[in-house]
Amino acid sequence: MPPSDLLPADTVTKLYRDHHGWLSIWLRKKLGNSFDAADLAHDTFVRLMSGRRKDGVGAEPRALLTHIAKGLVVDHWRRRALEDAYLAAVAHLPAPEVPSPEMRALILETLHVIDATLRTLPAKTREIFLLSQFDGMAYADIAQTQRVSLATVKRHMQKALTACLIAYQVHAA
Amino acid sequence: MSAVIDPAILEEAAGWLVRFQSETLSAADRAAFDRWLARSAAHGAAWQRVEDMLRGFGQVPPAIGRDTLRRLDRPGRRQAIRALGALLVLGPAAWAGWRTLPWREWAADVRTATGEQRHLELADGTRLVLNTASAVDILYTPEQRVLWLRAGEILLTTGRDPSPVHRPFIVRTSQGTIRALGTRFMVRDESASIRVAVFDGSVEIQPRDAGAAAVVVPAGQQTVFNAHEVEPLATAEAASASWEQGMLAVRNWRLADLVDELARYRRGVLRCDPAVAGLRVSGAFPLADTDGSLRLLEKTLPVRISRVTPFWVTVAPRAAVTN
Chain A
1 MPPSDLLPAD
11 TVTKLYRDHH
21 GWLSIWLRKK
31 LGNSFDAADL
41 AHDTFVRLMS
51 GRRKDGVGAE
61 PRALLTHIAK
71 GLVVDHWRRR
81 ALEDAYLAAV
91 AHLPAPEVPS
101 PEMRALILET
111 LHVIDATLRT
121 LPAKTREIFL
131 LSQFDGMAYA
141 DIAQTQRVSL
151 ATVKRHMQKA
161 LTACLIAYQV
171 HAA
Chain B
1 MSAVIDPAIL
11 EEAAGWLVRF
21 QSETLSAADR
31 AAFDRWLARS
41 AAHGAAWQRV
51 EDMLRGFGQV
61 PPAIGRDTLR
71 RLDRPGRRQA
81 IRALGALLVL
91 GPAAWAGWRT
101 LPWREWAADV
111 RTATGEQRHL
121 ELADGTRLVL
131 NTASAVDILY
141 TPEQRVLWLR
151 AGEILLTTGR
161 DPSPVHRPFI
171 VRTSQGTIRA
181 LGTRFMVRDE
191 SASIRVAVFD
201 GSVEIQPRDA
211 GAAAVVVPAG
221 QQTVFNAHEV
231 EPLATAEAAS
241 ASWEQGMLAV
251 RNWRLADLVD
261 ELARYRRGVL
271 RCDPAVAGLR
281 VSGAFPLADT
291 DGSLRLLEKT
301 LPVRISRVTP
311 FWVTVAPRAA
321 VTN
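Residue numbers (the numbering used here), protein chains in the order written: chain A, 1 to 173; chain B, 1 to 323.
Among these hints, one or two may not hold up.
To be verified - Pairwise CB distance ranges (calculated):
1) A:E102 - B:G220: 26 to 34 Å
2) B:D52 - A:A81: 21 to 29 Å
3) B:T141 - A:R147: 34 to 42 Å
4) A:T145 - B:E231: 43 to 51 Å
5) B:P142 - A:W22: 49 to 57 Å
6) A:A63 - B:R307: 53 to 61 Å
7) A:R62 - B:D52: 35 to 43 Å
8) B:E298 - A:A105: 37 to 45 Å
9) B:A41 - A:T13: 33 to 41 Å
Claimed, not checked - Covered by chain B, per the in silico footprint, the following chain A stretches (three or more residues, Cβ under 8 Å):
10) 85-92
11) 104-114
12) 158-166
Read the hints as simulated data drawn from the structure, not as lab findings.
Predicted model only: the values in this text are computed from it and were never measured.
Backbone N, C-alpha and C define an ideal beta-carbon position, used for all residues, glycine too.
So here's chain B without its partners, still in its complex pose (with noise of 0.2 Å):
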């Protein structure tokens, strides 16, 4: 049961959702739009439902939607019809109503927002969990599957094709594609490189680039490669993939790195003072609560959390605090 939100705000949230689809915002108003957002607590949901209502049209594949639309005929309606009748003269133009959005995992057929987490069950049985800020394009052809990586984090175990035809399991990704052979693994964007860890099975990567060298990664190993080559394989850390319960199990970690972790859940900005970035940290933090983590790391460290805005918080030293 969701809370009943003044109209008037909605209405000011449709016109915030309408210039990010028609026009690129400059950093005033990005600025003005995060002053907006931080008004009330009714104007963050209001934004909340407008990315629960993208996410509902976005889980709709385009050509069923527009089918089963034009389907529904009636009077009153033909206008509409019409309209679509057009479009399929127009042809297969893309599913490009989302490049609009600034934000590229807006163009993807399944998303996450910061902060949460999806798990799906695709045709063949396959299972995706979705980690926060990710998003997947997923395109099933007779010939294969492939699971097209635009930003963020996946965790895959792959099911049992019931095609009769063997098709491959692919996930494409900026910097080269990895091909599933029959198995659990995760793959994350990291902008400049991808890392793979993989806890069943195995997969190949090939990189991008023509003539670099595709390379095999078994169960329990991990590495990180870029559109030219794969680095040397490592031992993957099975706790690695605890996000997937909804936890950040770490052991032995910087503190700056655990921060940089926690703050790919959080909207806003989370940074760590340099003078306690060398801190080693261990433990499990529950991802769903940051708030929570940071609490947890205030308690265990030498470290006190200082909040500029909910949307600028620091990790800084006990003693002195510094933005």
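The shape of chain A in the complex, shown without the other chains (with noise of 0.2 Å):
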């Protein structure tokens, strides 16, 4: 990324000094607790340093930052259904059959970028994907189950594939 997409650290600083006390309110706000807020505005600017802002933050940079602690709330009760689905889902296993706390870990990363690729995509194409990902159907069989033709389910693979390897590579990055 050319140094030039981002804003410059005495912008940054400023932003921060400006905005990090009311950002921090609005967050407390709508989780309910200070922990959360306070990482959370911190995430909204370490974002905010990281993306590209050719056209700097705009007049406006409250609605910048907003929209940006928005998109980072959606994501933390996310995150959080997803760890109170899997807590429910591992509760009934035998203790040896948990898996330990690093494994966990690495589930919950895999499921929250599966969940949120699958979000963006068709019902049908979830459905298809989660079949044979999760089920371990053959595309033969899921063909025959859905009643489509082989040739639409090796489409819809292709594009849930596609999505989730570009989810991915912005995960990782």
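With the hints as a guide, bring both chains together as one complex.
Below, the structure written as structure tokens:
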């Protein structure tokens, strides 16, 4: 990324000084606790600094910061929901089958990327992706149960896997 | 931080993955895939991302992944949930999604790509190290702890099981089972046979055939077995687990054997010219950098490394190069 696309350091410092206070309060109201609010306020500025802002932050930095923070809040709740769903899913497993904390973090990370990616795809594509990657059905079997052609299954899989690969890219970067 | 890859190339990579998952590719298709892979660094990186992604998917136990995603109840997800409901009715279909892939190590729960090694700690504290191009299914039940070695090589240090009931620790292989008796040992799939080396404690080998006698291998010993019999025990070289530290330590090996061993850690073809196959080698070779290991050979032996392509390398006599 050419450095010229990034916001200059003094701009960021000024933004931080002017806006960190209200943003933290706004986030605390949204999230209900100041720990998460502090984290997300920090993440908002990190996102602001690392993003491409050819045209600067515009005349109304509040709007941009709120926009970024809203996205992070949504992401935060989704991760929370995912964690809750995960805990419920493993609650009935015997202790040795519950993944270690280390594995758990890896699993949640993967599921988060999959969840975020699936949300952007049509219902049919999501369905076929889940059948293939999480239930282990062969393409031909999916075609049969979903009453579509094999070529259609392949087209949906191509779309879903491309989206996942791009999501992994964003995620890894 | 990974480099940004052109989405168009990622789309092509996804296309190849779809083909691998949906059909058996001909030799010509595989050659076309190799050409695609070699087209640029970005193509190689795109495929690496495919493998990383599949490894990520593979780390999610299917039942947990399915259950978690199903529980994420919200509008807009009803379609998917209905699909998942249908799955539950279909019953516990085998976790066979990866079986459609041409490489059987992808059918496993944990796997490593060529040149990769992984260290894992399992639920009971057992430490599992996977060497290059290896695959293991892990199945812990209330009755037993089972590792199914699908391909490659693993080093195990069994942990103290937290379960109140004693559960045997068993490694299943294509040729038979190995029962751990509190131990640190290595198992390597050599296709037609299985090599076992024991460093601590002992293991009991039971070849697959009914009627074949079980053999106990004590610490410091190693052996090779197939479905019918266990070979006489030999002294285990302590250095045989040196790969765990990322080095291959050898003493007085034939060059051909060393080259075969290094080939396990790299993609493509690495072969040794018969004219130099019998040269003797000792030393320690870095596994993460097999090109460096080959350069080391070039410095210490009368050989030269001939590269037809990065995927086709020959260790040849220094004077004349043949391929």
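inquiry  = Of all the hints numbered above, which does this structure not satisfy? Sort the numbers upward.
reply    = none
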